[in-house]
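Each protein sequence line maps, in turn, to chains R and B. All residue numbers for the first sequence refer to the numbering used here, where the first residue is 1 and numbers rise by one. All residue numbers for the second sequence refer to the numbering used here, where the first residue is 1 and numbers rise by one.
Because the hints were derived from the structure by calculation, they are not lab data. Source: prediction; values computed, not measured. Heads up, the beta-carbon is just placed ideally off N, CA and C, and yes, glycines get one too. Take these hints with a grain of salt, some might be off.
[Said to hold, decoys possible] In silico lysine-lysine, DSS-like type, Cα no more than 25 Å apart, as pairs:
#1 250(R) <-> 145(R)
#2 227(B) <-> 56(B)
#3 227(B) <-> 250(R)
#4 227(B) <-> 145(R)
[Unchecked claim] Each pair of labels, with its calculated beta carbon distance range:
#5 249(R) <-> 127(B): 21 to 31 Å
#6 82(R) <-> 127(B): 24 to 34 Å
#7 165(B) <-> 288(R): 37 to 47 Å
#8 245(B) <-> 220(R): 36 to 46 Å
#9 266(B) <-> 264(R): 51 to 61 Å
#10 215(B) <-> 249(R): 41 to 51 Å
#11 21(B) <-> 196(R): 21 to 31 Å
#12 99(B) <-> 218(R): 30 to 40 Å
#13 26(R) <-> 83(B): 30 to 40 Å
#14 163(R) <-> 181(B): 52 to 62 Å
#15 162(B) <-> 167(R): 30 to 40 Å
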Amino acid sequence: MNSSRNKEQAGSSARRLAEQAAARLGPGEKTALPVLIFLFIGFAAPLLAVIWYSFMPPRTFSFTGVPTVQNYQTIFQSTSYISFLWSLSLAALTTAVLALICYPVAYAMVRVFGPYSMLLTLLFTIPLFVSENIRLYGWVLFFIKNGVLLGTVKHLSGLDLQSLLFTRAAVIFGMVYVYIPFMLFPMTLGVSMVPAETRDAAFDLGATRWQVFREVELPLSMPGVLIGSLLTFVLAVGAIAEAKVLGGQKVIPITHDIEIAFTYAQNWPLGSALAVLLMAVVGALVLLVLRRFDLDLLLGRK
Amino acid sequence: MNTREQKLRHALVIVWTLVLVLFVYLPIVCISLASFTASRYFQFPITRWGLEWWAKTFSSIEIRQLLSTSLSIALAVTLLAVVLGFFGALAFARYDWRGRNFFQRVILLPIFFPQSVLGLALLLWFNALGVQLNWTTAVFAHLVWIVPVVTLVMAIQVYSFDPALEEAAFDLGASRWQVWSEVTLPVLFPGIFSGALFAFLLSWGNFPLSLFTTGADTTVPEYLYAKMVAGYTPGVPVLGTVSTAGAALLLVGGYGVILLLRRQQREL
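Between the sequences and the hints, there should be enough to build the whole structure, so can you do that?
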């Protein structure tokens, strides 16, 4: 066989093997390889490192300690669960609010605006490329004492109100604002998957507007709604800037705890263990939802 | 179907959409307004307008250094992400192969992942490998998130590419290289271009990944964050406005180029 012949020609055997392997790989495998190798080094390996690190003794900086579950014990005895609950509930609330805000807009972009929907897409895309810090800071200038909102109120009515910043509501507001495009675009994709004929048929058969929405439009646009919700939820669980810029430490999200462990506290193993728990929640959710989708269909293969 | 009722409903969703557009731009307007005040502290309504803070910001060597760091990172990310993403998009959308389903999901994982956690994981990983942190490690970190995004953006173009075009060119006697340079690349170019635009802009505005991976170098979003947490400086609105206007110009210009390319393709 080929492999036995290669052993005899030891000098060029490695190269031959590589060539054979390349010949056996189809164009799909070959084109996928660079990205897969990159993601292995840049994504899988760092995450494995974090998992391994979470079992190292507290406050150590090497990979060679004796594995221990001490970090996890510390977490379960501490108040970290409060941060966890905050992050999860803020993310869930953000997702729910955004689903309600964005569905009519997604509907309008698909069914009402016609040729102008491209322009709207562009308008909603531009802010995505402005650093979220800058946009959140714009809200600080809007809500701050003597800022755009309260300054105007004072100017017009003489009322000198207190700043609305640094409250829990401000954090939720900021999160809803930042994640609009992540909900809106997948949702628009979902709504555009509802065939017009199906809707018309339902109307012709005497369905009311509400029935068409509940029994035709919503179920058929569900893939987009779910993808949008998943993306929003996952990104919102990892949110950190909103609480810092708008919340003024009123809410401590889990990402803040992780960052503190890595920076000020210099306790990398503890930070890693917190990150592992967060990754477990997010990962389970992502795999559960993504497994159910046909991405070819969603992204436009005919 | 009651058409009057339908009109009313359409009017409502149109108003709702426009309100959301205004909402999205409101903070950006606030930032720009604040950059044109002459006073040290922001106060609304603005009584003294002026460009002093623009002049001060642009004469600062520190700011120029920031802009050049951010630009270097974004350009390197764009180049590398386009090359990797191009092949990734072919594997994602063009070829049928055994691992395709798996590949399509693996590509999505970095996008569906909290970026701040990814930044910290990479910090730990670089440390374990003994790599010194500077702007090049930030390029690597940005790529982990941006390559999948670019792959998806390009994949959408690849889906609409008809492989029969390549086969026809081969049948007419074109070499492998000719098919690439005269059929495949030109047809896929709008996708490659939008991928490049996405890569540049996402890298330019990124904060959570840069925060943990730039080491001693500082990008514009990092600098702005440090300044805005420390208290009010009029330099923040100026730099914020510049960064926003730059992104908008690039995006609108790029969008124009894509429309032009599409029109050319249709005429061919």
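May I ask which of the numbered hints given earlier this structure violates, with the numbers listed in increasing order? 10, 13 and 15
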